[in-house]
Amino acid sequence: MNILLKQNLPRYAWQQQCYLSTSPIVHSWFVKLTNVTQVNTEAAVPKHTRKRNYPLTYEQRQFPKLIGHTKTWNTFNTSNLRDGKRKAEIVSDDLFLRQFIYGTWHSLFVSELIIKRRHNMVILSGLVTRTIHPRRMYFLIGYTEEILSALLKTPVKMEIQTVENKEDVIFTYW
Amino acid sequence: MLLRLFHRCASTSTAARPTNFTFPQRIERSPTAILESLNSCVQTDGGNPAYMFMDDPFLIPTSAYEKRQLALSKASGKKAARWIIDRYSYAFFHDVAVPSIPSYFPTYTFDEKEFIEPDESTLYKLMNWNKVTKAHEIYKKCLEYKIDVSDACKYALFDLLCIYNSENPLEALLPEEDWYRRELNEKNQSNLTSRTWKENGLAEQMFEELKLSATSEQKIRLYNSFVSGLLKYNHVEKAMTIIDEMKQATIPIDLTTYNYLIRSTSLIKESYDQRWQFVVDTLKEMKDSSIQPNLRTFNSVLYTLRRCPAYEQGPKLALAVLNEMRQCGIEPSLGSWAHVIMIFYPSDQIGFETQMLPQIMDELEKVAQLEWKDSDDGEFFFNAMFKATVNCRDVELAKRIHRFLMVGSNTRFIPDGFREQLYYTNLFRLLFRVDMPEQVMPLWESVVPNVYSPSMNVMEDLIEFISTWNIQDYYVRLWSDLLMLGFIDSRQTNRRILDRYLSLLIQTNHGKPSTEQIKQYANIARQILKRFPLEPEEVEQRFGSTNDASAQQQEMTDGQQEQQQQQQQQTNQLRPKLQYDGHLLSNLICLLAPADDWEASWSLYEHYLSNRSTLINALNEQSLMSLLSLANRKNAINSALDIIETINELQYECLGDALDLLNRNGNLPNQSRQHLKTIQKKSKVESAHHVKLV
Numbered sequence: 001m002n003i004l005l006k007q008n009l010p011r012y013a014w015q016q017q018c019y020l021s022t023s024p025i026v027h028s029w030f031v032k033l034t035n036v037t038q039v040n041t042e043a044a045v046p047k048h049t050r051k052r053n054y055p056l057t058y059e060q061r062q063f064p065k066l067i068g069h070t071k072t073w074n075t076f077n078t079s080n081l082r083d084g085k086r087k088a089e090i091v092s093d094d095l096f097l098r099q100f101i102y103g104t105w106h107s108l109f110v111s112e113l114i115i116k117r118r119h120n121m122v123i124l125s126g127l128v129t130r131t132i133h134p135r136r137m138y139f140l141i142g143y144t145e146e147i148l149s150a151l152l153k154t155p156v157k158m159e160i161q162t163v164e165n166k167e168d169v170i171f172t173y174w
Numbered sequence: 001m002l003l004r005l006f007h008r009c010a011s012t013s014t015a016a017r018p019t020n021f022t023f024p025q026r027i028e029r030s031p032t033a034i035l036e037s038l039n040s041c042v043q044t045d046g047g048n049p050a051y052m053f054m055d056d057p058f059l060i061p062t063s064a065y066e067k068r069q070l071a072l073s074k075a076s077g078k079k080a081a082r083w084i085i086d087r088y089s090y091a092f093f094h095d096v097a098v099p100s101i102p103s104y105f106p107t108y109t110f111d112e113k114e115f116i117e118p119d120e121s122t123l124y125k126l127m128n129w130n131k132v133t134k135a136h137e138i139y140k141k142c143l144e145y146k147i148d149v150s151d152a153c154k155y156a157l158f159d160l161l162c163i164y165n166s167e168n169p170l171e172a173l174l175p176e177e178d179w180y181r182r183e184l185n186e187k188n189q190s191n192l193t194s195r196t197w198k199e200n201g202l203a204e205q206m207f208e209e210l211k212l213s214a215t216s217e218q219k220i221r222l223y224n225s226f227v228s229g230l231l232k233y234n235h236v237e238k239a240m241t242i243i244d245e246m247k248q249a250t251i252p253i254d255l256t257t258y259n260y261l262i263r264s265t266s267l268i269k270e271s272y273d274q275r276w277q278f279v280v281d282t283l284k285e286m287k288d289s290s291i292q293p294n295l296r297t298f299n300s301v302l303y304t305l306r307r308c309p310a311y312e313q314g315p316k317l318a319l320a321v322l323n324e325m326r327q328c329g330i331e332p333s334l335g336s337w338a339h340v341i342m343i344f345y346p347s348d349q350i351g352f353e354t355q356m357l358p359q360i361m362d363e364l365e366k367v368a369q370l371e372w373k374d375s376d377d378g379e380f381f382f383n384a385m386f387k388a389t390v391n392c393r394d395v396e397l398a399k400r401i402h403r404f405l406m407v408g409s410n411t412r413f414i415p416d417g418f419r420e421q422l423y424y425t426n427l428f429r430l431l432f433r434v435d436m437p438e439q440v441m442p443l444w445e446s447v448v449p450n451v452y453s454p455s456m457n458v459m460e461d462l463i464e465f466i467s468t469w470n471i472q473d474y475y476v477r478l479w480s481d482l483l484m485l486g487f488i489d490s491r492q493t494n495r496r497i498l499d500r501y502l503s504l505l506i507q508t509n510h511g512k513p514s515t516e517q518i519k520q521y522a523n524i525a526r527q528i529l530k531r532f533p534l535e536p537e538e539v540e541q542r543f544g545s546t547n548d549a550s551a552q553q554q555e556m557t558d559g560q561q562e563q564q565q566q567q568q569q570q571t572n573q574l575r576p577k578l579q580y581d582g583h584l585l586s587n588l589i590c591l592l593a594p595a596d597d598w599e600a601s602w603s604l605y606e607h608y609l610s611n612r613s614t615l616i617n618a619l620n621e622q623s624l625m626s627l628l629s630l631a632n633r634k635n636a637i638n639s640a641l642d643i644i645e646t647i648n649e650l651q652y653e654c655l656g657d658a659l660d661l662l663n664r665n666g667n668l669p670n671q672s673r674q675h676l677k678t679i680q681k682k683s684k685v686e687s688a689h690h691v692k693l694v
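Chains as they are written, first to last, in UniProt numbering: chain Z, 1 to 174; chain L, 1 to 694.
Just so you know, the hints here were simulated from the structure itself, not pulled from any lab data.
One or more of the hints may lead you astray.
Said to hold, decoys possible - Cβ-Cβ distance ranges computed for the label pairs, FRET-style: (1) 23/L <-> 43/Z: 54 to 60 Å; (2) 40/Z <-> 83/L: 47 to 53 Å; (3) 111/L <-> 70/Z: 26 to 32 Å; (4) 491/L <-> 80/Z: 41 to 47 Å; (5) 412/L <-> 120/Z: 20 to 26 Å; (6) 45/Z <-> 409/L: 31 to 37 Å.
What the hints assert, rightly or not - Lysine-lysine pairs mimicking DSBU-like chemistry, simulated, CA-CA at most 30 Å apart: (7) 140/L <-> 79/L; (8) 125/L <-> 153/Z; (9) 146/L <-> 79/L; (10) 153/Z <-> 79/L; (11) 116/Z <-> 79/L.
Note that CB positions come from ideal geometry on N, CA and C, so glycine has one too.
Work out the full structure: start from the sequences and follow the hints.
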């Protein structure tokens with residue numbers, strides 16, 4: 001069982017390190033001994049690569065700690081306001097929608113799917129590359145709108161924007 | 001602050017205060033009142049694409065062909081989704097909507113059991129799902145098995161059979177397809193008066209059967225439905241015999257039947273007077289049976305009058321009908337006006353003098369909000385514009401109609417793409433012939449390309465218009481418009497536009513274009529060359545193979561080389577192959593030479609020389625002269641001599657000018673001068689001999 005070393009105070013307020021590993025590690029008072037693979041990792045915060053060639057879009061570069069400051073959520077609905085209804089259903093619908101779009105539009109979306117809910121309508125937005133002919137894109141749009149409306153029983157609309165290729169949305173290399 | 005309060009009290013005390021206060025009553029509004037009021041603030045705007053398209057430059061269609069393609073692809077996607085919904089229907093039954101939305105559910109699949117042991121509810125379900133023929137089958141089965149079917153059900157089934165002519169009703173098209181329904185449903189294009197009623201069909205069988213067992217009220221319904229069906233599908237002889245039967249059996253005729261009867265008058269009687277007499281008699285009958293006519297009745301009367309073209313009494317009677325309508329308290333709908341227009345202007349020549357159209361427009365502009373009241377309403381705008389442009393040739397009137405169209409949401413009264421295309425074609429053909437650019441071009445910009453994609457005739461008229469009015473600023477813009485609207489490709493039909501446009505650029509009778517414009521024109525010529533590469537066929541294949549052989553010999557094996565060659569050939573075949581002729585080459589040279597583009601012009605000239613046998617037309621004088629002056633400027637003496645020899649061969653009159661031009665060049669070596677003299681001696685052209693050569 002590991003003891004929390006009080007001398008190793010967390011440097012930043014949000015950095016809570018949980019020492020939950022059960023492997024026998026020798027205690028040390030001077031060197032911070034932690035399970036490197038499990039701590040020091042945060043959700044959606046990539047570590048620098050050796051060659052610094054891991055591409056990040058602008059949205060991915062804004063790490064989750066900035067949500068609410070310089071970054072917004074990817075879904076807009078009123079379920080979390082006072083008297084908001086259907087919180088759980090909306091969240092699960094969102095997860096389903098993201099997976100559906102990911103699977104139907106094969107490597108076409110280069111941004112996260114933005115889901116907006118207005119009255120009973122669901123509006124999906126995002127950036128799409130121009131790899132396929134507009135004919136095929138409209139086929140996909142018609143298909144997605146129709147089948148998602150039938151699944152969710154609400155009108156679903158798509159409002160997409162196109163981008164020349166994936167490199168256009170890469171903001172930096174990490 | 002206190003002073004302000006004092007002022008406020010003072011003002012209210014001096015004003016006359018009402019002694020009693022009435023609460024304003026709550027105005028009952030429909031659930032969509034807010035949406036409707038927002039809708040009234042929005043007009044048709046030519047700046048963005050139709051609602052069904054995505055608002056992104058890659059996905060906005062500009063030419064008519066693209067619009068159709070993309071709309072139908074979207075409809076095709078929806079159909080694919082529908083197929084999946086029906087195939088995997090078990091996944092689509094979880095419902096969260098209150099009230100539930102039926103169109104989001106899979107279509108009802110009938111159990112086998114329901115067909116084996118039919119029941120009245122099966123019949124109702126089948127009828128609700130538009131499966132009328134199957135319903136009749138099951139009805140027959142019910143009779144066999146002696147299962148009781150209620151009268152209401154039987155008569156409902158009979159009505160449906162009459163309405164749909166013993167067939168299943170057509171599937172409702174998706175809105176994207178509906179816009180193109182004229183092309184998709186070829187049946188609509190066939191003659192509207194051809195007899196399509198099915199003889200001895202299911203409807204007739206059922207009629208015979210039910211006739212035997214009907215009570216008197218049921219008989220009324222039975223006979224009326226049957227006659228209406230017969231008249232709807234234009235089987236007039238049988239309809240008249242049934243009507244005689246009804247009259248003998250004193251079965252009263254219904255309003256719907258009367259409407260259909262009046263509408264089919266032109267099939268029953270031949271001469272115009274007889275037709276009108278028949279209509280009047282029918283209306284008298286209606287009055288005697290105290291049946292109030294409705295809008296459809298009057299529209300049918302007007303329709304019948306319209307089917308009597310060039311009837312002298314026609315206009316008078318039409319006005320009388322309109323009066324009658326107003327007396328009955330029925331407002332004429334757009335459909336009535338559409339018929340009136342066709343009565344007053346029956347063909348392309350007649351009707352120039354009447355002021356009917358302006359009067360109609362006056363009437364309509366008073367109406368606050370147009371509503372769709374009758375199935376004929378969709379013809380109004382098309383007819384109005386057609387007559388205004390072809391008969392009246394009145395620009396003000398045409399613009400007035402167009403302004404009226406743009407008010408509010410009146411654009412929904414042009415129900416399909418075909419009519420809209422013709423509407424705008426008529427409008428612009430008139431405007432291009434008669435009006436001035438300052439007024440036409442803004443209108444053109446507002447409509448093209450999102451609302452209207454012009455056809456080739458209109459584009460030709462536009463080019464004519466621009467050349468007449470010499471709107472030089474628009475020339476270059478016109479090129480990008482032509483590209484956008486899909487008129488620049490290798491098809492033979494679009495060749496005329498390309499030729500016409502290039503001759504527009506080249507014409508010199510409106511003054512010399514500025515250097516900026518010369519550069520832009522040369523750019524256009526280069527774009528054409530890039531789009532439609534110049535190489536003739538044998539050279540292409542050889543070129544392709546040698547290219548591959550030399551460049552990739554080290555890396556690839558033989559098999560891969562051949563594959564590469566084949567692929568190259570295939571892509572060359574797929575690339576647009578524009579048939580170059582001498583005319584086109586001359587035009588391109590005329591555009592490139594003034595801009596000092598030596599390589600391009602010379603390569604065109606050489607292409608002409610090498611393919612002289614296969615090309616139609618030769619290079620014309622203007623192009624050769626401009627090429628010569630370019631060669632002169634660049635001091636490419638040998639090339640210049642070559643050009644002069646070609647001029648000599650073709651025996652153009654400009655040989656004299658050509659010789660003179662080269663003569664004046666100070667840097668000409670003696671050898672070249674000798675050469676010029678020999679050409680002059682040998683040439684057969686008159687003017688050449690008049691030139692004094694040094």
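Quick rundown of the hints versus the structure:
Under the hint 54 to 60 Å, the C-beta atoms of residue 23/L and residue 43/Z, about 58 Å apart, fit the expected range. A hinted range of 47 to 53 Å for the beta carbons of residue 40/Z and residue 83/L is consistent with their spacing of about 51 Å. Distance hint check: the CB atoms of residue 111/L and residue 70/Z are about 59 Å apart, inconsistent with the given range 26 to 32 Å. Distance hint check: the CB atoms of residue 491/L and residue 80/Z are about 57 Å apart, inconsistent with the given range 41 to 47 Å.
Taken as a hint, the range 20 to 26 Å holds for the pair residue 412/L and residue 120/Z, whose Cβ atoms sit roughly 25 Å apart. As the Cβ distance of residue 45/Z to residue 409/L is approximately 51 Å, the hint placing it in 31 to 37 Å is violated. Among the hinted pairs, residue 140/L with residue 79/L is inconsistent with the structure: their alpha-carbon atoms are about 33 Å apart, more than 30 Å. At most 30 Å may separate the alpha-carbon atoms for a hinted pair to count; residue 125/L and residue 153/Z meet this at roughly 23 Å.
Distance restraint check for residue 146/L and residue 79/L: the Cα-Cα separation of roughly 41 Å exceeds the 30 Å cut-off, and the hinted pair is therefore not satisfied. As the CA atoms of residue 153/Z and residue 79/L are separated by approximately 17 Å, the hinted pair is consistent with the 30 Å bound. Restraint check: the Cα-Cα separation between residue 116/Z and residue 79/L comes to about 25 Å, which is no more than 30 Å; the hinted pair holds.
Comparing the model with each earlier hint shows violations of hints 3, 4, 6, 7 and 9; every other hint is respected.
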